[in-house]
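Engineer: Both chains come to you apart, so use the hints to assemble them.
So you can see what is in the structure, the chains are spelled out below.
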Amino acid sequence: MKERKSAKLISQQQQQLHQNGHLSPSKFAKLFDPEASWDKDQLGDVLHWIRQVVALVCGLLWGAIPLVGGMWLLVFLAISSGIIYGYYAMVLKIDEEEFGGHGALLQEGLFVSIMLFLLAWTLVYSLTHF
Amino acid sequence: MAAAVFPNLKYSDSLTVVGISVCTAVVCEAISWILIYRTTSYKSLKSSIDKASKKLETMKTDSNPSKLSVKKSKTKKIDRVETSLKESSRDLSLFKFKSGAVVALVLFVVFGLLNSLFEGKAVAKLPFVPLRIVQKMSHRGLQGEDPTDCSMAFLYLLCSISIRSNLQKFLGFSPPRGAAGAGLFPMPDPKSN
Numbered sequence: 001m002k003e004r005k006s007a008k009l010i011s012q013q014q015q016q017l018h019q020n021g022h023l024s025p026s027k028f029a030k031l032f033d034p035e036a037s038w039d040k041d042q043l044g045d046v047l048h049w050i051r052q053v054v055a056l057v058c059g060l061l062w063g064a065i066p067l068v069g070g071m072w073l074l075v076f077l078a079i080s081s082g083i084i085y086g087y088y089a090m091v092l093k094i095d096e097e098e099f100g101g102h103g104a105l106l107q108e109g110l111f112v113s114i115m116l117f118l119l120a121w122t123l124v125y126s127l128t129h130f
Numbered sequence: 001m002a003a004a005v006f007p008n009l010k011y012s013d014s015l016t017v018v019g020i021s022v023c024t025a026v027v028c029e030a031i032s033w034i035l036i037y038r039t040t041s042y043k044s045l046k047s048s049i050d051k052a053s054k055k056l057e058t059m060k061t062d063s064n065p066s067k068l069s070v071k072k073s074k075t076k077k078i079d080r081v082e083t084s085l086k087e088s089s090r091d092l093s094l095f096k097f098k099s100g101a102v103v104a105l106v107l108f109v110v111f112g113l114l115n116s117l118f119e120g121k122a123v124a125k126l127p128f129v130p131l132r133i134v135q136k137m138s139h140r141g142l143q144g145e146d147p148t149d150c151s152m153a154f155l156y157l158l159c160s161i162s163i164r165s166n167l168q169k170f171l172g173f174s175p176p177r178g179a180a181g182a183g184l185f186p187m188p189d190p191k192s193n
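Protein sequences appear in the order of chains A and P. Residue numbers for the first sequence follow the numbering used here, beginning at 1 and rising by one. Residue numbers for the second sequence follow the numbering used here, beginning at 1 and rising by one.
A few of these clues could be false.
As the list claims (entries may be wrong) - Calculated pairs, PhoX-like style, for lysine-lysine (alpha carbon to alpha carbon, straight line, at most 25 Å):
no., chain 1, residue 1, chain 2, residue 2
1, P, 60, A, 93
2, P, 74, A, 27
3, A, 40, P, 10
4, A, 40, P, 51
5, A, 30, P, 54
6, P, 169, A, 40
7, P, 98, P, 60
8, A, 40, P, 74
9, A, 30, P, 74
10, A, 40, P, 55
These are computed hints drawn from the structure, not numbers from a lab.
Chain P extracted, bound-state conformation (with noise of 0.2 Å):
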């Protein structure tokens, strides 16, 4: 399609790629806006996952009182808000999974569509080279041994994640911040300890 457009441009197909990772982006979105978002079950779920991690939050950082007596029931307090948040947060992945099937199937017919567009052809060129582990995906069904060919499906990869995510904050669809998993890498509480 790109290629129609930009002839001169050996990679042009990396476009065609880059434009229907958008669209289905979008089209997901409005999907799950439409089985998950705007649904009451969905807005009071997030409710108390952002009002319980904020009085968590406001628990630990208060003064440490001195009695023991005093000490004892507020952290069975903090125990108890910490359960409500972690039952809360599992009953939203369990219902944003259910209704992420219908997402996760779009995007595996839109993959299928692709692969058949693409397969065995380099769409970009990395201007690095990938790791071992990395090239399992980036030199996926690619012809030669040049590592930094780029398949279609790690410059999708590429695409999904930094579009869609950066369209759900966008949207704010985004999952709050007190839910578990939040974060692809969780730090400790240093206060916990």
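In isolation and in its complexed conformation, chain A is listed as follows (with noise of 0.2 Å):
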């Protein structure tokens, strides 16, 4: 009897642990579940930090290379944007219409993504090639 509660009670505090943490695994496989409901303001969000993330990594990865001229900046933002239709229409499935339309949903954190990718490829490009 103790011991089925002890059980019970560990099992109970894991699980806690599991949603007080930032991702927990159910928040983490609801990303690729195309079969998850979504509120506005949350996709909105998984939107907006993907665009950051890709930002990040092609700015970092532009001022390694180094990848120079503004035809890149281009490139960039369709990778992103493709990203992002990607994501929302092929992975989550999701209709577009009640979310506003492809325009509301491709504009999150675009502006300040582009600010983001241009931060991180003039400080890589300028810190490690000159």
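Structural biologist: Structure, rendered in structure tokens:
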């Protein structure tokens, strides 16, 4: 009896730890689940952060290689928007009309991601090649 | 500062600018939290904007009624909620504006400090040639004609926007999506036509 109670207590504590964690297994699974239901704010936040991560990675990469020229900004925009579109249309399979259309989804975090990309690209380029 | 730590790097001053921008962003958000975000007025305004925008969304996405009288009353309800949302958004902007004066003062002082440290000096090298209109800021105060020389002002602008916006988002201090003017490129709602 005591053993069953302590096992149950441990299981409950583990569940609580997962729920209080920044990215619990259930939240992480939701990011790739086409059956999950999304709130407009939640989806907007996820798309925002995906854009920021892509901007940072591209900026670091473009600056390290280095890739020089304004054309590479357009390449970044195409890649970033392609990833966002692919994510909400093909991974999550959501109906964009419910969230304000393609424009609203594609513009989430766009301007800030461009600034972050330019910052990372400029910094890495300046510090590693001069 | 960074030049002393990294003497081999030609553009090590860029790290100083980034470091100061990060610290400034943290200080500004701390001030904003004290003056704005922890107050009951802000919390209640934000909550009413969130509720109104969600209610508006639900009302707009509900199936269109066939009877004209029902449609008219629904349109009136939508107008009422939209007006309430606009008023709350305006109140929120006004509230943030008054307290934001302190943050603006901090940013002004920091910009002045950075300007005095790096005036006339290229702190970074741009990997692209900016548009003429952007060069007015990116080449501000610099000698020579090389358009890829980056001034402190432009780098500071990039840092401020990217670091501060993401910090606000991370801490949950971003303006609610339903607030008027949210998003740099606001798209018209196709359902309202």
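Engineer: Give a verdict on every hint.
Structural biologist: Against the structure, the hints:
no., hint, in the structure
1, P/60 with A/93, "22 Å, holds"
2, P/74 with A/27, "37 Å, violated"
3, A/40 with P/10, "46 Å, violated"
4, A/40 with P/51, "13 Å, holds"
5, A/30 with P/54, "22 Å, holds"
6, P/169 with A/40, "15 Å, holds"
7, P/98 with P/60, "34 Å, violated"
8, A/40 with P/74, "23 Å, holds"
9, A/30 with P/74, "35 Å, violated"
10, A/40 with P/55, "13 Å, holds"
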